[in-house]
Amino acid sequence: MTTVSATEHTRRDFLYIATGAVGAVGAAAVLVPLVTQMNPDASTIAAGAPIEVDLAPITEGQVIKVFWRGKPIFVGHRTKKEIDEARKADLSKLKDPQADQKRVKEGKDQWLVLVGICTHLGCIPLAHAGKYDGFFCPCHGSQYDSSGRIVEGPAPYNLPLPPYEFLSDTKIRIG
Amino acid sequence: MSGQSTYQPQNPVMKWIERRLPIGGLIHSSFVAYPTPRNLNYWWTFGGILSFLLGAQIITGIVLVMHYTPHADMAFKSVEHIMRDVNYGWLLRYLHSNGASMFFVAVYIHMFRGMYYGSYKEPRELLWILGVILYLLMMATGFLGYTLPWGQMSFWGATVITNFFSAIPGVGEAVVTWLWGGYSVGNPTLQRFFSLHYLLPFVIAGVVVLHIWALHVVGQNNPTGIEPQTEKDVVRFTPYATSKDSFMMVAFCIVYAWFVFYTPNFLGHADNYVPANPAVTPTHIVPEWYYLPFYAILRAIPSKLLGVTALVGSIVILAFLPWLDTSKVRSARYRPLYRQFFWLFVLVCIGLGWLGAKPAEGGYVTAARILTFYYFAHFIIILPLLGKFEKAKPLPKSISESVLGKAGAAVAVLAIALSVLMLPKAAIAQGHEHDTPAPPQLKWSFSGPFGKYDQAQLQRGFKIYREVCATCHSLEYISFRNLAEPGGPGYSSAQAATVAAEYKIKDGPNDAGDMFERPGRLADAFPKPFANDAIARATYGGSVPPDLSVMAKARTYERGFPQFVFDMFTQYQEQGPDYIAALIKGYEDAPKGMQMPSGMSYNKYFSGHMIGMPPPLQAGQVTFDDGSPTTIDQYSQDISAFLMWTAEPHLNERKRLGFQVMIFLIVLSGLLYFTKKKVWADAH
Numbered sequence: 001m002t003t004v005s006a007t008e009h010t011r012r013d014f015l016y017i018a019t020g021a022v023g024a025v026g027a028a029a030v031l032v033p034l035v036t037q038m039n040p041d042a043s044t045i046a047a048g049a050p051i052e053v054d055l056a057p058i059t060e061g062q063v064i065k066v067f068w069r070g071k072p073i074f075v076g077h078r079t080k081k082e083i084d085e086a087r088k089a090d091l092s093k094l095k096d097p098q099a100d101q102k103r104v105k106e107g108k109d110q111w112l113v114l115v116g117i118c119t120h121l122g123c124i125p126l127a128h129a130g131k132y133d134g135f136f137c138p139c140h141g142s143q144y145d146s147s148g149r150i151v152e153g154p155a156p157y158n159l160p161l162p163p164y165e166f167l168s169d170t171k172i173r174i175g
Numbered sequence: 001m002s003g004q005s006t007y008q009p010q011n012p013v014m015k016w017i018e019r020r021l022p023i024g025g026l027i028h029s030s031f032v033a034y035p036t037p038r039n040l041n042y043w044w045t046f047g048g049i050l051s052f053l054l055g056a057q058i059i060t061g062i063v064l065v066m067h068y069t070p071h072a073d074m075a076f077k078s079v080e081h082i083m084r085d086v087n088y089g090w091l092l093r094y095l096h097s098n099g100a101s102m103f104f105v106a107v108y109i110h111m112f113r114g115m116y117y118g119s120y121k122e123p124r125e126l127l128w129i130l131g132v133i134l135y136l137l138m139m140a141t142g143f144l145g146y147t148l149p150w151g152q153m154s155f156w157g158a159t160v161i162t163n164f165f166s167a168i169p170g171v172g173e174a175v176v177t178w179l180w181g182g183y184s185v186g187n188p189t190l191q192r193f194f195s196l197h198y199l200l201p202f203v204i205a206g207v208v209v210l211h212i213w214a215l216h217v218v219g220q221n222n223p224t225g226i227e228p229q230t231e232k233d234v235v236r237f238t239p240y241a242t243s244k245d246s247f248m249m250v251a252f253c254i255v256y257a258w259f260v261f262y263t264p265n266f267l268g269h270a271d272n273y274v275p276a277n278p279a280v281t282p283t284h285i286v287p288e289w290y291y292l293p294f295y296a297i298l299r300a301i302p303s304k305l306l307g308v309t310a311l312v313g314s315i316v317i318l319a320f321l322p323w324l325d326t327s328k329v330r331s332a333r334y335r336p337l338y339r340q341f342f343w344l345f346v347l348v349c350i351g352l353g354w355l356g357a358k359p360a361e362g363g364y365v366t367a368a369r370i371l372t373f374y375y376f377a378h379f380i381i382i383l384p385l386l387g388k389f390e391k392a393k394p395l396p397k398s399i400s401e402s403v404l405g406k407a408g409a410a411v412a413v414l415a416i417a418l419s420v421l422m423l424p425k426a427a428i429a430q431g432h433e434h435d436t437p438a439p440p441q442l443k444w445s446f447s448g449p450f451g452k453y454d455q456a457q458l459q460r461g462f463k464i465y466r467e468v469c470a471t472c473h474s475l476e477y478i479s480f481r482n483l484a485e486p487g488g489p490g491y492s493s494a495q496a497a498t499v500a501a502e503y504k505i506k507d508g509p510n511d512a513g514d515m516f517e518r519p520g521r522l523a524d525a526f527p528k529p530f531a532n533d534a535i536a537r538a539t540y541g542g543s544v545p546p547d548l549s550v551m552a553k554a555r556t557y558e559r560g561f562p563q564f565v566f567d568m569f570t571q572y573q574e575q576g577p578d579y580i581a582a583l584i585k586g587y588e589d590a591p592k593g594m595q596m597p598s599g600m601s602y603n604k605y606f607s608g609h610m611i612g613m614p615p616p617l618q619a620g621q622v623t624f625d626d627g628s629p630t631t632i633d634q635y636s637q638d639i640s641a642f643l644m645w646t647a648e649p650h651l652n653e654r655k656r657l658g659f660q661v662m663i664f665l666i667v668l669s670g671l672l673y674f675t676k677k678k679v680w681a682d683a684h
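Chains as they are written, first to last, in the working numbering: chain A, 1 to 175; chain B, 1 to 684.
Treat the hints with caution; some may be incorrect.
Derived lysine-lysine pairs resembling DSSO-like cross-links, with alpha carbons at most 27 Å apart [said to hold, decoys possible]: (1) A:K171 <-> B:K506; (2) A:K71 <-> B:K506; (3) B:K504 <-> A:K171; (4) A:K108 <-> A:K171; (5) A:K80 <-> A:K131.
Not close to chain B: a few residues of chain A, all C-beta gaps over 10 Å, as computed [stated by the list, open to error]: (6) V63; (7) K108; (8) I117; (9) I124; (10) Y132; (11) E152; (12) L167; (13) S168.
The hints are simulated quantities; they were obtained by calculation from the structure and are not laboratory data.
In this text the structure is predicted, and so the values were computed from the model without any measurement.
Think of the CB as a built atom: it goes at the ideal place given N, C-alpha and C, for glycine as much as any other residue.
Please build the complete structure, drawing on both the sequences and the hints.
Structure, rendered in structure tokens:
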């Protein structure tokens, strides 16, 4: 092998580094389609559009389940007793303190709209169950009160609220 | 072979691993220190290219499976879903479908290289046989994969190929029923084909490991065909072979990308964009281009059993090549007669491919018989005798005496590969009956490498669809939301929602258990104009007006030689819209003496000339807000452009991305070329 001079060395190194760098950019670019193809596709996104729920048939004390983006949404018509319990709860004793007023729309205290997925590991809690007149998750024993707030058990947060608005007194749009 | 590895890791972690599992040493001895003959030319880079393509096919395939549904009722739709909705789905599918063709281009070059340089001779017989097994596995995988979109060619290809087995005496029928899982090709067939199509690539990968293992035991052959004798005759695999292989791999990707981004359907069949229909066989049924020579052999023989036997034999005979060729000299370089017979054999294979695409009638059959005879004679008569009578040229003393192949070789490779690709297409084109005139070639805003849809034209086309076509034709793969998506007619979401709300969509059941109608939403597909096919048949005189979603890709017309060769370079992909535009304008009075059944119209461009659709558009029928002329010429172009968009909604993005990929690949292959030159500078 012939000896290589120092200048030739730098020129050669530059070529190798440039080639390697351009190749690496290409390899990274190839990852883009391979990774993003697993994100929700256009039809899934379109199917996740807002839904409307008619509240008229829901009687006092009843909780119905509707699906939005594949998630169960609880729409509950609370009784006076349930509302009072939720309002009187001692916030300092809660894991994730939040006033009941902040969990319902103003003037619509009786309507509780929740994402019905336990914040522990994703099971669906049972309505009208547990020790606090609210929800009870049978998987790992999380207890939620009549405002959907976690009181005891392994779940770290309250049941989340989906985005929704009242279109009229008897109609909401979720999403 | 590499012998003892000289790999000595310095890193303590690597040392720890190496003592327990010497994988670093294995990689080092196989792909770094491995001695490779210094005179290998560019023809030797196709092994690496094939490994790359296998990897690419497996990765894109695994990704496609995440979105594909292997069910007879849903497969076609799920492929359209991939093409339309999945992020980069169109790219992944085109990479996979064109990747299969590229795989065969590379394997044919690889095989012919082995034949030319006698790479199958002692001690490389087993290496060659493993290669033949790989080729068989590839053919099976390619065939199984082609059935999965469940289009017309998928269905009828599956029917024809599985019927090969019915030639087996006695148990043939039983075997075919077993293969189908039913009394005809159907859903069970599709599901098992899907399973096997997923399995076989991994079997291929396993046999590739054996193939490379065997290669590393006996060492690579080289253009002189004599074994390396001294250190001077070889160079290390890395960086020498790696730099050369990398350059060719990226150069090959330029061809690959050209097909994927600019002519993605050039190597496919328009008929496969028509959903499978067990009641109608496409008029001209041909396999994919890479099976055509064998298809010609099958059809050359007028007996079912013998035809299938000949087809199988034409591939199996390759495995016996090491013993059929009796010459002691490996490379055709030193075999003046064999070299000529080799090229004759290549021409015979191309000729058979050409005949495979022709209709099996008249002179074509005779020609196919002559070539089939020659194909077998090459192996059974010429090669055994040649070894005995041929006087070889003197062999060089060592490899270092010989010189390296020129870069020109690579160009020749590609040129030959492309011409092999093209020929069968010409044959298909010329095979059609000639009384249907070719539609005039129109100017389209979306043609060529920088083509884009004209938004105003798509909007006009959509208006025509709504006001005229929609009365009879569905658009079931198109949703209202598509109207607002980028690269389309450019409506706003609100406008698209307004359009949607004007349609009635059947939904339900509601709480009372009743079906009901509601205004359309963005996520809804265009509703069909008829409740089911039976009603359509009753209403429209016996035939169902076809869905228009993919129509512009499902129709084509003959291009003929040499037009189709230019088409690949000019990227002419607008056969569909040209045909549709011509068809709309092609209504004439039937020629004298031609009896038109009632309800049928005469159309110059329609195959058979009798079309159930009455002339759909009259001048002045649809008015445009932008003041475009309300002529049939204008209408026919606008609706065709609109249908091209419904068939290929991501065309704008495809061409834009294609340009970027092309620039990138050219830069990278340039850099790799100079890198390779630098690396090899001190080896010459």
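Now for the hints, and whether the structure bears them out:
With a C-alpha separation of about 22 Å, the suggested pair K171 (chain A) and K506 (chain B) falls inside the 27 Å cut-off, and the hint holds. Between the alpha carbons of K71 (chain A) and K506 (chain B) the distance comes to roughly 24 Å, so the proposed pair stays at or under 27 Å and holds. At roughly 22 Å between alpha-carbon atoms, K504 (chain B) and K171 (chain A) fall within 27 Å of each other, so this suggested pair holds. For the suggested pair K108 (chain A) and K171 (chain A), the alpha carbons sit about 12 Å apart, so the restraint of at most 27 Å is met.
Under the criterion of a C-alpha separation no larger than 27 Å, the hint pairing K80 (chain A) with K131 (chain A) is consistent with the structure, at around 18 Å. With a closest Cβ-Cβ approach of about 16 Å to chain B, V63 (chain A) is found to remain outside the 10 Å limit, as its non-interface label requires. The claim that K108 (chain A) lies off the interface holds: its Cβ sits roughly 22 Å from the closest Cβ of chain B, which is beyond the 10 Å cut-off. Residue-level check passed: I117 (chain A) sits 23 Å from the nearest beta carbon of chain B, beyond 10 Å.
Under the 10 Å C-beta cut-off, the non-interface status given to I124 (chain A) relative to chain B holds; the minimum distance is some 21 Å. Once the 10 Å rule is applied to beta carbons, Y132 (chain A) is consistent with being away from chain B; the minimum gap is 31 Å. Annotated as non-interface, E152 (chain A) keeps its C-beta farther than 10 Å from every C-beta of chain B; the closest such distance is 36 Å. Remark: the non-interface label on L167 (chain A) is consistent with the geometry, its nearest Cβ contact in chain B lying 16 Å away (cut-off 10 Å).
At roughly 18 Å from the closest C-beta of chain B, the C-beta of S168 (chain A) stays outside 10 Å, upholding its exclusion from the interface.
The structure meets every hint from the earlier list without exception.
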